[in-house]
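Enquirer: These protein sequence lines map, in sequence, to chains A and B.
Using the numbering used here, read the first sequence as starting at 1 and increasing by one per residue.
Using the numbering used here, read the second sequence as starting at 1001 and increasing by one per residue.
Some clues are possibly wrong.
List of simulated lysine to any residue pairs, SDA-like, C-alpha gap at most 20 Å [stated by the list, open to error]:
id, chain 1, residue 1, chain 2, residue 2
1, B, Lys1191, A, Thr89
2, A, Lys255, A, Thr294
3, A, Lys94, B, Leu1192
4, B, Lys1146, B, Pro1120
5, B, Lys1194, A, Pro76
6, A, Lys252, A, Glu298
Derived from the structure by calculation, the hints contain no laboratory data.
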Amino acid sequence: MNSAIHVSDLVKTYPGRPPVEAVRGVTLDVQVGECFGLLGPNGAGKTTTLEIIEGLLAPTSGEVTVLGRSWATHEPELRERMGISLQETRLSDKLTVRETVTLFRSFYQKGLEPDVALGLVSLNEKARSFVDKLSGGQKQRLAVACALVGEPELLFLDEPTTGLDPQSRRQLWDVIRDFKARGRTVLLTTHYMDEAERLADRVAVIDQGKVIALGTPHDLILQVGGEHVIDFTVDAPASLVDESLQALPTVKTVKRGSDGALSLSVAEPAQVLPALLILLQKLSVKLLGLTTRTATLEDVFVTLTGRHLRDTD
Amino acid sequence: MNRHPLYQLTLARFREFYREPAAVFWVYGFPLLLAVALGVAFRDRPVDKITVDIVADAAGGMAAAEELATKLRANEQLKVNLNPDATAKMRLRTAKTGLVIRPVAGDSVVSAKWEYQLDPNRPECVLARNAVDNLLLRSEAPQLPKPQDITTDEPGGRYIDFLLPGLMGTNLMGGGLFGVGFVIVDLRVRKLLKRFLATPMKKHHFLLSLLISRLVFVMVEIGVLLVFANLAFDVTVHGSWFALLALVFVSGLSFGGLGLLIACRAKTIETVSGLMNAVMLPMYVVSGVFFPSDKFPDIVQPLIQLLPLTACIDGLRAIINDGASFADVSRSFLVLLAWGVGSFAIAMRLFRWR
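Isolated chain B (complex conformation) (with noise of 0.2 Å):
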């Protein structure tokens, strides 16, 4: 048997992790359950509904709600429903539509016939706006030429495709901030880090222990999502697999840092829980996992990019759909590096044994 403390103390580390059935499953089972609802979600629906709502009884009258609405229903890509003026906008502010369609009164050829309501901010709501409003015009210009639509769904454009590299990113932030600070908090609260330092444990040795087992975890998790989104989803990685794997690792490095300087002096599980959520909760929102970063005003965007998620998931992004290669994702590489060295040196310094 290997007699050397650091192979001992990585091998206490994955027996304690994989003789806890439930960490395995919060580990690799949610990521993968995530992965299938969301996957499942976006993946070979039809093409979404427009929904658009007429008003009965608008300035207009009835007989030209009516005419409008058997104008549009010719197209099955809209759902058109007529409802009194107070219920459609009513369904308007609360989603259940994405337009409202008033006519007005007067006959005359210059004024319009009819109005649009809608909230501008709602991509939805835009999107019904202009299909409602194509139709109808070509409807009244049947002569126009019609070009036809191709339609493609390959890899790489899809929500999953965008949604992969996110969850691997949170994957790989939860995993170190936890893995990392979570397991420091409990042996401190157990007393068994002085314990261990009341032996001739070095203390390089233990750290070293910490990191080796978190990236051989980290590699496992993402290969994990990786062959699943594969199977499941035809997720192919179409950038260079070195960058990736250097980049999985820096990761790695950088969120163990990240949770070491977190878990450096916490006392209590309460407290190191505290700050973890502190730390990760603004990252989910503002890095991108769900839906892009750029959607945050440009002031703030310099900021947002220097954040280690947000690093991680542009570069596994670019390295997964965009076919980067490891020079295009070296930005993201060095700020994950930085992050990593910095936060260790600190927690270094800072580390408190009992």
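So that you can see chain A by itself, here it is in the shape it has in the complex (with noise of 0.2 Å):
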């Protein structure tokens, strides 16, 4: 398969005193037909890491290819072939949908005409509606479809569901899995754990400045521990040592949270959950609460970092 995007040794810092690093040494490369996430939590360096991929910021060192060229030689033809949906764009208030499109679709030597780029996104019956009437979801699906409206062959979406509700969230993911589905490449950022496994071919986790796990979503999930997570609480955690729990059968991780809450990633539910009742029998221990579920990229997260991704929201 071709690359999409090649990036290497991307390293991005601000001057300052002290300078700030916002990307520090990023390496990635994104095939073309390929949905592929930045996934980390607020300032980490996705936004920075894009745009420098987007070329609306020069790196400090590194070497970024778009398609096979380079922004400093072929920036009007890497403009033609590609969308953008920056985070936080207001468009014009008094403009309606349709004009906005209008407006985005002349800027492209040829692409979609603006109701088949309202179609992609459902916004026809809002063809004639005023920007400033638009919901949330609405908004960010018309900056979409500005993104679409040239046709492009790679869609770069900066956190497109950051504060939607869950419809409109949903109905964004339907519009980014079609352009997927007519081959086309996606590059997104999300700090939404959920939005990258469902979107996501292949995810690359971010934490301060670099690259900390890169994979598809479900790998990287198996390479952390388990596939399934057992959260439990009791009521005197200290008697339970993390030997004896480790010892349970399938057992990969004993995690320890406050107030008595314990995690085990494991690989058979079904094998652990007998053994721990009996296992808290045995000490005397009792159950406060227990559930079970499938891992996320929330745990490989905090395994990888030992924090959360929400906590600097």
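Build the complex: two chains, separate frames, hints provided.
Expert: Spelled out as structure tokens, the structure:
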């Protein structure tokens, strides 16, 4: 497969005292036809990385190739071939939805009819509405329509669903899946692990300007331990030692939270649960609550950094 | 539908403007209101009365004061008050009266029987003193022949004729600075500039669209003011229409360029507002909007004459009132052109899209 985006040893340092190292050596390859997610907490360097790839920021050092071209030599061509939705762009309130898309269409040599682009994001019935009359989700879909109207091969989305309600998020996910289904490439940033899991073929987990894990969501979850997690609370967590929990069948890791909360990464919950209950009974420890769930990218992040994704929100 | 980006960008500028009623009012309505208010204030009013105070309790005595008052009241152009010394002085200081006449003691033939107190820097004081002195002199010598006054009120010399080019100039300046500067900073704050940069949009299309929309708005603004002034105050353009058009055009460019320069780095609306006021306020004061700029000391005149607003207003006045041709206002034209080209060139070097 061809590489749509190639990034190596990307560094971005903002001058200052002390200098801010926003990106500290990121290396990535995004294949054509792939949906690639940059996942990480706010301030991790996702947007800076994305904007360097988009050619909107100059890197301090490192190499960026998009569609086999470099920004320095092929900017006009690359602009024609990609669509971008930035974080927090406020489109003109006093233009209608159709006027906005028509304006963006005029910048591209070829592309979709404005109404076709609106159809892709299901905004046809709002075509004549002013932008300030749209809901947050509709505005975000309009922003994506503006990115799609040039019929890009490559779509960049920066936190496309931040702040949206669940229904609007699902609508946008459908738009992105449709785009990908036509063999196009998507690079998106998000701090929602579920978004990354559902949309992205591969994910780079970014923290403090570095890629700390890279792979398919499934692989990443497997790498850090079991696919399942058993969360439980007991009245006397101190009397349960890690070693005895570790010895339970298929347990990979043991993590302790506050208030007696424990969590086990396991491969086979059905084997662990009876053994765990027997162990608790033997030690006369009272079980206060227990849930089991499938492991998520959040668990990956917590395991790798000891922090939660949303801690820094 | 025309798909050219320049057309679409310009269209967007127009739409964003006329769909904002407040903006339309401040650009078109406000200068009209100002012209009406000032025009009415200075139009068709009876000739100003000259107010003078005679001191009733001066050394010359009450009788002398009464006698002076009777003589002066014979002329209906004068409004004569009898007041105690302290009150009269106070009224002079607070500009309630133009002149204080104080009867003095002594009845010698050689010394004057009264004295004048006035502020020689205030035109109305000098006017009152001369009018009073003249009247009293004529009352002493009634046999002198008096020439007849033939009054005139032709368009061209009235205050509204002076004011209108000033208002047109401020409108051109305000429109250019706000219309370009504010729009750019607003787009930058909303990250739309950056969003445009992320498309294949040509930068010169964007800047041209600002300029084109600006020039169209300017022509409309000036047209509206001129038509209104003609209907309401009989103001006509005595000089060359070509020169007027050329001067308005180059003023639009010049102030648009200044707006671009002011906005080229500003990141917030507050910054750009402050910068604009810093640029506009001094010019409002010194460039001859409400009173002639030659009131300022000679030493700063070369500077004042180089300001774009001075050039613009002087040129407009020369064309509208004095019947100037393009050649007559070529200096104004060149000053404005230099400002426009200069500020554009610098702005293009400094401009930040983010």
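Enquirer: Going straight from one Cα to the other, do Lys1146(B) and Pro1120(B) come out at no more than 20 Å?
Expert: 27 Å, violated
Enquirer: Lys255(A) and Thr294(A): Cα distance at most 20 Å?
Expert: Within the cut-off at roughly 16 Å; holds.
Enquirer: Quickly compare the C-alpha distance for Lys1194(B) and Pro76(A) to 20 Å and report which way the hint goes.
Expert: Within the cut-off at roughly 15 Å; holds.
Enquirer: Has the given pair, Lys252(A) with Glu298(A), been kept, meaning a C-alpha gap of at most 20 Å?
Expert: 17 Å, holds
Enquirer: Please work out if Lys1191(B) and Thr89(A) have their alpha carbons no farther apart than 20 Å.
Expert: This hinted pair holds, its Cα atoms lying about 5 Å apart.
Enquirer: Can the restraint linking Lys94(A) and Leu1192(B) be considered satisfied, given a maximum Cα separation of 20 Å?
Expert: With a Cα-Cα distance of about 14 Å, the restraint between Lys94(A) and Leu1192(B) holds, given a limit of 20 Å.
In terms of the numbered hints stated before, the structure departs from hint 4 and from no other.
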